[in-house]
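Engineer: The primary structure of each chain is shown beneath.
There are 2 protein chains.
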Amino acid sequence: MSEQAIKYLSDNRDQLLDKLRDFLSIPSISTDRLHNEDVQKGADFVVSYLRDIGFDRVEQQDTGGHPLVYAEHLQAGPDAPTVLFYGHYDVQPVDPIDQWKSDPFEPEIRDGRLYARGSSDDKGQVFMHLAVFEAYMKTEGTLPLNVKVCIEGEEEIGSEHLYATLHDKKEQFQADFVVISDSGMVAPNQPTILYGLKGFTGIEINVSGPDHDLHSGLYGGAVRNPAMALSHILASMKNDDEVVTVDGFYDDVEPLSDHERELIDQIQGEDYLKSTGATETASEKGYTVKEHTMARPTFEINGIFGGYQGEGTKTIIPSQAGAKITCRLVPGQDPEHIQSLLEKHIHHAAPSGVTVDVKKEKLSAKAYKVDTDHPLIQKAAKSYTEAFGKETVYMRMGGSIPVVKWMESIYNIPIVLLGFGTPDDRLHSPNESFPLGSFDKGMETLARYWAEVNQR
Amino acid sequence: MSEQAIKYLSDNRDQLLDKLRDFLSIPSISTDRLHNEDVQKGADFVVSYLRDIGFDRVEQQDTGGHPLVYAEHLQAGPDAPTVLFYGHYDVQPVDPIDQWKSDPFEPEIRDGRLYARGSSDDKGQVFMHLAVFEAYMKTEGTLPLNVKVCIEGEEEIGSEHLYATLHDKKEQFQADFVVISDSGMVAPNQPTILYGLKGFTGIEINVSGPDHDLHSGLYGGAVRNPAMALSHILASMKNDDEVVTVDGFYDDVEPLSDHERELIDQIQGEDYLKSTGATETASEKGYTVKEHTMARPTFEINGIFGGYQGEGTKTIIPSQAGAKITCRLVPGQDPEHIQSLLEKHIHHAAPSGVTVDVKKEKLSAKAYKVDTDHPLIQKAAKSYTEAFGKETVYMRMGGSIPVVKWMESIYNIPIVLLGFGTPDDRLHSPNESFPLGSFDKGMETLARYWAEVNQR
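Read top to bottom, the protein sequences are chains A and B.
Using UniProt numbering, read the first sequence as starting at 1 and increasing by one per residue.
Using UniProt numbering, read the second sequence as starting at 1 and increasing by one per residue.
Derived by calculation from the structure, the hints in this document are not laboratory data.
Just so it is clear, CB atoms sit at the ideal spot from N, CA and C, and this is done for glycine as well.
Be careful, since some hints might not be right.
[Said to hold, decoys possible] Derived pair list, reagent style DSSO-like, types lysine-lysine, alpha-carbon separation capped at 30 Å:
1. A:LYS314 x B:LYS382
2. A:LYS314 x A:LYS170
3. A:LYS314 x B:LYS138
4. A:LYS359 x A:LYS379
5. A:LYS314 x B:LYS362
6. B:LYS344 x A:LYS314
7. A:LYS379 x A:LYS390
[Stated by the list, open to error] Where chain A lies over chain B, by a calculated footprint (3+ residues, C-beta under 8 Å):
8. 52-62
9. 210-219
10. 225-235
11. 321-330
12. 354-363
13. 396-402
So that you can see chain A by itself, here it is in the shape it has in the complex (with noise of 0.2 Å):
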C-alpha cells in the first residue's frame, strides 16, 4: 500500500525541499522574546500544511505561552490502529551568529547536507512526517491509520505549557501509541531505534559574596573569592575519573545488565574525537564511552560565569558569580531527589564567608525505557530496515525528551522513537545540518510503518 506514496515522495522531492525551506525561513526561536512572531509563523506554517493536506480540526492550542498545534485525521475507521505524532516547530538561538558559514535562516545545501538551524532539531523531521500525510493523501485519498497530531512551539525552552495540555486534553490527545522524530541514527544509514531515554535535571548555583565588586589590592586577602569558592564547590562534584562525588548520586541507578552492555557493544559508536573535536575521550571510570554516554548518568556544567569577562585585566574582586548545571538520569534515579542530593552537597562544600543559592530547575524527567520485543517496535524496526537496507539496531540514549515520560505516565502506551539525524548534524551549535538521504530514505521508513502497523 505504500508503494504509491514512496512514488509521490520521489516525485515531488524538489517541492517538497523547496517547502521545507521555507518553514526553516522561518526564525522560531522560542527562547527569545523578541522572536514571538516567528515563533507564531512557524505555527502558522504547520497549521496551513495540515489543512492543505486535508486533515480535520487543525487548531492552534493557546497554551498560555507559545501556540501548540493540534490535527487530526481519524478516517481509517475504528478497528484501525490510532497514533499520535509529536514533534516541534521551535528552534535553539543561533550564537555564536560568526561561526555559522551560511546564514541559519537562509537554507543551503553544501554536499548532500541542508544547512540551517532546525534542520535536523526537529523542523527538518516534522516536515518529512507532514510530507509523508501528503504522499498518501495525494495517492490515496486517505491515511492507512487514524492520525492525531502535536507538534508544539515550546521544546527548546522546556516544553514549559505542554504537560498540563496533555495532561488536561487527556481524551483528545489519546491514541493507541506515540511516534516521535526528534533523535538520530547511531551513524548515517545506521537504522536506530531508540529504546531508552536519559531522565533529566538541573540546577543553578549563585554564590554571593562582597556586595560590590571591590578592588583586588585593597581587599585581597580580607574576603572570600565568589569565583573561588564556586570552583571548590564545583571541584567538590565530579573527579578526573568522570564520577559524581555527589553522597547517594548513583544509589538508585538500575544497573546495566550484561545483555544491554553487549547491546551497546554492538552498536558502531560514532567518531567521538571527529564529531567533538576533543583530544580525546573521558567516560566515567568502569564504563566505556558508549555505554556512559547511553546509559550512565551524567553532570555537566552548562554555564559558568562572574567578574570581568572583557579584554585585558580588571582587578576585581567579584560580588558573585554563578553555575548552571543539568544532569542526565538514568532508570531508578528520581530528579526532584537528585536535585536535593545536589543542594545538599553545594551547601556542605561552600566555603564560610560566602552565600551560595541554589535554585532548582522546576522542568525535571525521569528516564524512559521500552522493551525492544513490543511489537510496534519491531514493526518500525522492519520498515526502517527495508527503506535503508540494514538492519537496525537498538539504542538507548544520552539525551533526554520530557514529552517521553510525560506521554507514558499520562498515557500509558508505547512511545517509538523513530529519529533519523545523524551524529554530524550538530544540533544546538552553529552549522546545524540534516544529510537529504536520511531526508528521503527517512520518509520512505515512515510511508512503510504506517502501512504496517494496520497489518494484522
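Use these hints to put chain B onto chain A, whose structure you have.
Structural biologist: Coordinates of chain B only, in the frame set by chain A:
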C-alpha cells in the same frame, strides 16, 4: 626656617583655594579623547604656576601621549639634597554623572570638604606641593632644597609613556629621593606613611575541550567538560584556608618580622564587613586580615567565564571556559617567576582531554618597601606628626603603584609616600572630595619636611 612659609600659606589660604578651584575646574580626563584639549589645559596650568613661582627649565615633554611637565629649581647648592616630586594632573572620568551632588568640575565646599573630581586624586595633592613651593619662594626667595618636578597626565590610563621617559631621561630626572603624594591616611587626621606597596602580576587561563559546544545529552559522558576542568584547576590553586597551593609561590616571600606585625597591629584597620558587605572576613591561615591585605601575597580570580550565561537552561557542554587571575606580590617575589610557577601548576593540574592555554599579563611590577628607619622617612614622620599633632603610623598597602617600582628600579633611591587623602575621599567615584583640614595640615607637613630634609 619653615615658619614664614607656613605663615604665608595661612595668610594666603583664600587665594590659594581660589587657585586650586581653577585647577580643579579643568576636566582633564585622560581616558577620554574628547577631553584631550582639557588635558592639555591641565598641563598648561601646572606649567604657568611653576613659571610664576620662579622655577627654572619648565618644560612640557612630548611623551607620545599626554604631555609630562618637568621643572627644576636647583639653587640650594651642590651639598643640599635633591628631591624629585612626582604627581599627576589627569583625572578619572565622572560617570555616573547623575550621582554627583555638585558638578564635578565646579568645585564646592560642603562641611569642611572640597568636592570636585581630582580634589584628592591627585590635583589637590599636587597643588599643595606647588603652593608650598610658592610659599618658600615668596618668603625666602628660594627653596630649602633642590627640587625637580615630574607631573604627568597619564596616571589614570596606566602611565603608558612614563617608564620610557624616566628611563630615557635618567640624568635629567635623577635625584636623591622621590616624594609622591598620591595616597591617603589610614584615618582622617592620622598621619600615615606608606612604606610598602604590593607588586602585581596576572595571567589568563583558557581551557578548550570540544571544538564546538556539544549537546549535553548526546555527549555527556564522552568528553571532558572544560568548565569542570577549569574548576579543578582553580580549586587546586588556593585552598579554603586562603593559602595559595601553587608550588613555590611563597618561596621567595620576605617573612613578616615581629616588628612589622606590631606596626600593622597598631593601625586602626577599616571595618571590612561594612566596607565590603561580606558576611565574614577570610584571610590566609596564620595571618590577620590586616596582615594579609597589607603584607602577604594574594591570588584572586577577577573573572570566570564559559558556556551559557543567559536566562534559563541551555543543555550544552561548553567548548571553552576561562578565568582571569591577578596576584598581588610582596617583597622578594618576582612577577615573571610567579607567572611561570602559576603556568607550570596549571598545566600540571589540567586533566587529560582538554587543552590549556596560559596567557601572561605583560604589565607586572615588583613590590616596593622602604626601611622605616631611613632618615628621610623619619624626617617625614617628624614633620607629619608636628603638623597634625598626632604620632605618625607606618603602613603597607595591598595596592600597587607601578611608578614607585619603576623609579626605584631606574634610580635606585628611596621613595617617600606622603599622602594626605582620607578613606572617605571616594577616589574614582562620584562626589570625590578632600578635607580642608588635610589641605592645611598637609601643606604645613610639606613645608616642615623640606626644611627638615636639609638639616644635617
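Engineer: Take the hints in turn and mark each one as holding or not.
Structural biologist: Cross-check of the supplied hints:
1. For the hint linking A:LYS314 to B:LYS382, the alpha-carbon distance of about 38 Å lies beyond 30 Å, and the restraint is violated.
2. Using a Cα cut-off of 30 Å, the hinted pair A:LYS314 and A:LYS170 is violated, with the two alpha carbons roughly 56 Å apart.
3. The hinted pair formed by A:LYS314 and B:LYS138 fails the criterion: a straight-line CA distance of about 45 Å is larger than 30 Å.
4. For a cut-off of 30 Å, the pair hint linking A:LYS359 to A:LYS379 is broken: about 44 Å separates their Cα positions.
5. Restraint check for A:LYS314 and B:LYS362: the C-alpha separation of about 14 Å stays at or below 30 Å, so the hint holds.
6. For the proposed pair B:LYS344 and A:LYS314, the alpha carbon gap of about 23 Å is at most 30 Å, so the pair holds.
7. In summary, the hint linking A:LYS379 to A:LYS390 is supported, as the alpha carbons are separated by about 15 Å, within the 30 Å threshold.
8. Check result for the segment 52-62 of chain B against chain A: violated, 0 residues qualifying (beta carbon to beta carbon below 8 Å, three or more required).
9. Given as covered by chain A, the segment 210-219 of chain B passes the check, having 10 residues with a CB less than 8 Å from a CB of that chain where 3 are the minimum.
10. Only residues whose C-beta sits within less than 8 Å of a C-beta in chain A count toward coverage, and the segment 225-235 of chain B has 8 of them, enough to reach three; the restraint holds.
11. Coverage of the segment 321-330 of chain B by chain A holds. Counting CB-CB distances below 8 Å, 5 residues qualify, and the rule asks for three or more.
12. With a cut-off of 8 Å between beta carbons, the segment 354-363 of chain B has 4 residues touching chain A; three or more are needed, and the interface restraint holds.
13. Only when three residues or more bring their CB closer than 8 Å to a CB of chain A does the claim for the segment 396-402 of chain B stand; here the count is 4, and the claim holds.
Figure legend: structure checked against the earlier numbered hints; hints not met, in rising order: 1, 2, 3, 4, 8.
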